[in-house]
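Enquirer: Listed here are the chains, written in short residue letters.
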Amino acid sequence: EAGVAQSPRYKIIEKRQSVAFWCNPISGHATLYWYQQILGQGPKLLIQFQNNGVVDDSQLPKDRFSAERLKGVDSTLKIQPAKLEDSAVYLCASSSQGAAGANVLTFGAGSRLTVL
Amino acid sequence: GQNIDQPTEMTATEGAIVQINCTYQTSGFNGLFWYQQHAGEAPTFLSYNVLDGLEEKGRFSSFLSRSKGYSYLLLKELQMKDSASYLCAVQKGTALIFGKGTTLSVSS
Numbered sequence: 006e007a008g009v010a011q012s013p014r015y016k017i018i019e020k021r022q023s024v025a026f027w028c029n030p031i032s033g034h035a036t037l038y039w040y041q042q043i044l045g046q047g048p049k050l051l052i053q054f055q056n057n058g059v060v061d062d063s064q065l066p067k068d069r070f071s072a073e074r075l076k077g078v079d080s081t082l083k084i085q086p087a088k089l090e091d092s093a094v095y096l097c098a099s100s101s102q103g104a105a106g107a108n109v110l111t112f113g114a115g116s117r118l119t120v121l
Numbered sequence: 011g012q013n014i015d016q017p018t019e020m021t022a023t024e025g026a027i028v029q030i031n032c033t034y035q036t037s038g039f040n041g042l043f044w045y046q047q048h049a050g051e052a053p054t055f056l057s058y059n060v061l062d063g064l065e066e067k068g069r070f071s072s073f074l075s076r077s078k079g080y081s082y083l084l085l086k087e088l089q090m091k092d093s094a095s096y097l098c099a100v101q102k103g104t105a106l107i108f109g110k111g112t113t114l115s116v117s118s
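Quick mapping for you: the protein sequence lines, in order, are chains Y and E.
Basically the working numbering = 1-based index in the first sequence + 5.
Basically the working numbering = 1-based index in the second sequence + 10.
Treat each hint with caution, since some may be false.
Lysine-lysine pairs mimicking DSBU-like chemistry, simulated, CA-CA at most 30 Å apart [claimed, not checked]:
{"hint": "1", "chain 1": "E", "residue 1": "K110", "chain 2": "Y", "residue 2": "K83"}
{"hint": "2", "chain 1": "Y", "residue 1": "K76", "chain 2": "E", "residue 2": "K102"}
{"hint": "3", "chain 1": "E", "residue 1": "K67", "chain 2": "E", "residue 2": "K110"}
{"hint": "4", "chain 1": "Y", "residue 1": "K16", "chain 2": "E", "residue 2": "K110"}
{"hint": "5", "chain 1": "Y", "residue 1": "K88", "chain 2": "Y", "residue 2": "K20"}
{"hint": "6", "chain 1": "Y", "residue 1": "K16", "chain 2": "Y", "residue 2": "K76"}
{"hint": "7", "chain 1": "E", "residue 1": "K78", "chain 2": "E", "residue 2": "K110"}
{"hint": "8", "chain 1": "Y", "residue 1": "K83", "chain 2": "Y", "residue 2": "K16"}
{"hint": "9", "chain 1": "E", "residue 1": "K78", "chain 2": "E", "residue 2": "K102"}
{"hint": "10", "chain 1": "Y", "residue 1": "K20", "chain 2": "Y", "residue 2": "K49"}
{"hint": "11", "chain 1": "E", "residue 1": "K67", "chain 2": "E", "residue 2": "K102"}
{"hint": "12", "chain 1": "E", "residue 1": "K91", "chain 2": "E", "residue 2": "K67"}
{"hint": "13", "chain 1": "Y", "residue 1": "K88", "chain 2": "E", "residue 2": "K110"}
{"hint": "14", "chain 1": "Y", "residue 1": "K49", "chain 2": "E", "residue 2": "K67"}
{"hint": "15", "chain 1": "Y", "residue 1": "K20", "chain 2": "E", "residue 2": "K110"}
{"hint": "16", "chain 1": "E", "residue 1": "K91", "chain 2": "E", "residue 2": "K110"}
{"hint": "17", "chain 1": "E", "residue 1": "K91", "chain 2": "Y", "residue 2": "K49"}
{"hint": "18", "chain 1": "E", "residue 1": "K110", "chain 2": "Y", "residue 2": "K67"}
{"hint": "19", "chain 1": "Y", "residue 1": "K83", "chain 2": "Y", "residue 2": "K49"}
{"hint": "20", "chain 1": "Y", "residue 1": "K67", "chain 2": "E", "residue 2": "K102"}
{"hint": "21", "chain 1": "Y", "residue 1": "K16", "chain 2": "Y", "residue 2": "K67"}
{"hint": "22", "chain 1": "Y", "residue 1": "K88", "chain 2": "Y", "residue 2": "K67"}
{"hint": "23", "chain 1": "Y", "residue 1": "K88", "chain 2": "Y", "residue 2": "K49"}
{"hint": "24", "chain 1": "E", "residue 1": "K78", "chain 2": "Y", "residue 2": "K49"}
{"hint": "25", "chain 1": "Y", "residue 1": "K49", "chain 2": "E", "residue 2": "K110"}
{"hint": "26", "chain 1": "Y", "residue 1": "K16", "chain 2": "Y", "residue 2": "K49"}
{"hint": "27", "chain 1": "Y", "residue 1": "K20", "chain 2": "Y", "residue 2": "K83"}
{"hint": "28", "chain 1": "Y", "residue 1": "K83", "chain 2": "Y", "residue 2": "K67"}
{"hint": "29", "chain 1": "E", "residue 1": "K102", "chain 2": "Y", "residue 2": "K83"}
{"hint": "30", "chain 1": "Y", "residue 1": "K88", "chain 2": "Y", "residue 2": "K16"}
{"hint": "31", "chain 1": "Y", "residue 1": "K67", "chain 2": "Y", "residue 2": "K49"}
{"hint": "32", "chain 1": "Y", "residue 1": "K49", "chain 2": "Y", "residue 2": "K76"}
{"hint": "33", "chain 1": "Y", "residue 1": "K67", "chain 2": "Y", "residue 2": "K20"}
{"hint": "34", "chain 1": "Y", "residue 1": "K16", "chain 2": "E", "residue 2": "K91"}
{"hint": "35", "chain 1": "Y", "residue 1": "K49", "chain 2": "E", "residue 2": "K102"}
Worth flagging that the hints you see were computed from the coordinates, not collected in a lab.
Start from the sequences and build out the full structure, keeping to the hints where you can.
Expert: The structure is reproduced here in structure tokens:
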């Protein structure tokens, strides 16, 4: 099966500019996640969608970050305006609930953002 | 809240056995995952434990003790390609909360 697709792979912007990342999950996966991974750290959950509804966005900095999944398939994550500390890899993941409650996430290759 | 701790770095030699420990404190627990992440790549699923005990999958095994909030990943017959970051993650609801990862360097 095709994996999780993300674009762009790399983006360099100046602080205060805006950027958008796109994700297409594995076909049939109802749940989609955006994680932020700063160099040397583990992924941090930003937002979780179930179909086109938000399940958890408690760690999304809503003053500058927004995300949508309008048709319950692909998703976009936007940052406006960007700050230096937003430099990170933005990972998209999707899942379908497995047996015995195991919720295995499949990750995309990520979008690496550098803010200058 | 949640707190997941694992060592930052470990080193080992080819052919050896290494154990990567993970301790966690969370409100809500639906299982523990281990993921492998090579530099510049996406994390990939290695193992899942929800009941106490050892799960074996080829050269990799994972252990869980829920009462102690403790897990480990055991890698046997280490190969150079095992050099990577190993991420411990707790499933809370249907989301995964990750630790900071352990960078394993395997030398010849």
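Enquirer: For which of the previously enumerated hints does the structure constitute a violation, in increasing order of number?
Expert: The structure breaks none of the hints.
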